[in-house]
Amino acid sequence: GDSVTQMEGPVTLSEEAFLTINCTYTATGYPSLFWYVQYPGEGLQLLLKATKADDKGSNKGFEATYRKETTSFHLEKGSVQVSDSAVYFCALGAGGTSYGKLTFGQGTILTVHP
Amino acid sequence: KAGVTQTPRYLIKTRGQQVTLSCSPISGHRSVSWYQQTPGQGLQFLFEYFSETQRNKGNFPGRFSGRQFSNSRSEMNVSTLELGDSALYLCASSLEGSTEAFFGQGTRLTVV
Numbered sequence: 001g002d003s004v005t006q007m008e009g010p011v012t013l014s015e016e017a018f019l020t021i022n023c024t025y026t027a028t029g030y031p032s033l034f035w036y037v038q039y040p041g042e043g044l045q046l047l048l049k050a051t052k053a054d055d056k057g058s059n060k061g062f063e064a065t066y067r068k069e070t071t072s073f074h075l076e077k078g079s080v081q082v083s084d085s086a087v088y089f090c091a092l093g094a095g096g097t098s099y100g101k102l103t104f105g106q107g108t109i110l111t112v113h114p
Numbered sequence: 001k002a003g004v005t006q007t008p009r010y011l012i013k014t015r016g017q018q019v020t021l022s023c024s025p026i027s028g029h030r031s032v033s034w035y036q037q038t039p040g041q042g043l044q045f046l047f048e049y050f051s052e053t054q055r056n057k058g059n060f061p062g063r064f065s066g067r068q069f070s071n072s073r074s075e076m077n078v079s080t081l082e083l084g085d086s087a088l089y090l091c092a093s094s095l096e097g098s099t100e101a102f103f104g105q106g107t108r109l110t111v112v
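The listed protein sequences derive, respectively, from chains A and B.
The opening position of the first sequence corresponds to residue 1 in the numbering used here, with each subsequent residue numbered one higher.
The opening position of the second sequence corresponds to residue 1 in the numbering used here, with each subsequent residue numbered one higher.
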């Protein structure tokens, strides 16, 4: 079945450091890929998405490129802020008859210190 | 445009009781999905409804059920609550044919 693997966490960085959170997936066909962010006590917010190979999703300084050859969708940000502290989830949507189902990675806790 | 609304935000129930959670999707979204989030198991898909029909179901016992109304609002019910049902329950809505899901803030259920 479909699966998503995220890098082991948590990740602790200083403000303005470079961020990479690795995400690899296993799926049949051509899934859509997503990064969601969850702040304490909140639901999930869609951060960015990519729907086909080589697409780059970007939002709020975060970027991720859909790499089919390496089945990866790594999240990057050039300069993190304290306000980026949250839990980040990589997810895939297989579409087709997988109605409404997103498969999530285990989440990566990011803490940014001033 | 209003987002996905879940009520209530917090619930405390006793083992053996049942509970009903509610979700109002974004206007125009007819697909509603439910997820359970726990520290140990992460985010797990419960089921999805579209036009009042369940189209997809995750690997949960029959104690977990749901329904959708003609206005696309959805409810999920958990009967005979167990301590292990304590979790954040998240609802998400989508446009037909889209895999992009928009989540509500969740209902935090605590079973004591």
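By construction, these hints were calculated from the structure, which means they are not laboratory data.
Fair warning: there could be bad hints in the mix.
[As the list claims (entries may be wrong)] A few chain B residues that don't get close to chain A, going by computed Cβ distances all over 10 angstroms:
#1 21
#2 31
#3 35
#4 42
#5 48
#6 55
#7 73
#8 109
[Stated by the list, open to error] Covered by chain B, per the in silico footprint, the following chain A stretches (three or more residues, Cβ under 8 angstroms):
#9 43-49
#10 61-75
[As the list claims (entries may be wrong)] A partial selection of chain B residues facing chain A, derived with a Cβ cut-off under 8 angstroms:
#11 33
#12 56
#13 105
#14 106
Source: prediction; values computed, not measured.
Ideal placement from N, C-alpha and C gives every residue a C-beta, glycine not left out.
To see whether the hints hold, each was checked on the structure:
1. 21: holds, 13 angstroms
2. 31: violated, 5 angstroms
3. 35: The assertion about residue 35 (chain B) is violated, with a minimum of 8 angstroms to chain A.
4. 42: Not fine: 5 angstroms to the nearest Cβ puts residue 42 (chain B) too close to chain A.
5. 48: violated, 3 angstroms
6. 55: violated, 4 angstroms
7. 73: Non-interface label stands for residue 73 (chain B): nearest chain A Cβ at 15 angstroms, farther than 10 angstroms.
8. 109: holds, 14 angstroms
9. 43-49: holds (count 5)
10. 61-75: violated (count 0)
11. 33: Hint on residue 33 (chain B): holds, closest Cβ of chain A at ~4 angstroms, below 8 angstroms.
12. 56: holds, 4 angstroms
13. 105: Holds, about 4 angstroms.
14. 106: At 5 angstroms from the nearest chain A Cβ, residue 106 (chain B) passes the 8 angstroms test, so the hint holds.
Hint compliance for this structure: hints 2, 3, 4, 5, 6, 10 are not met, and every other hint is.
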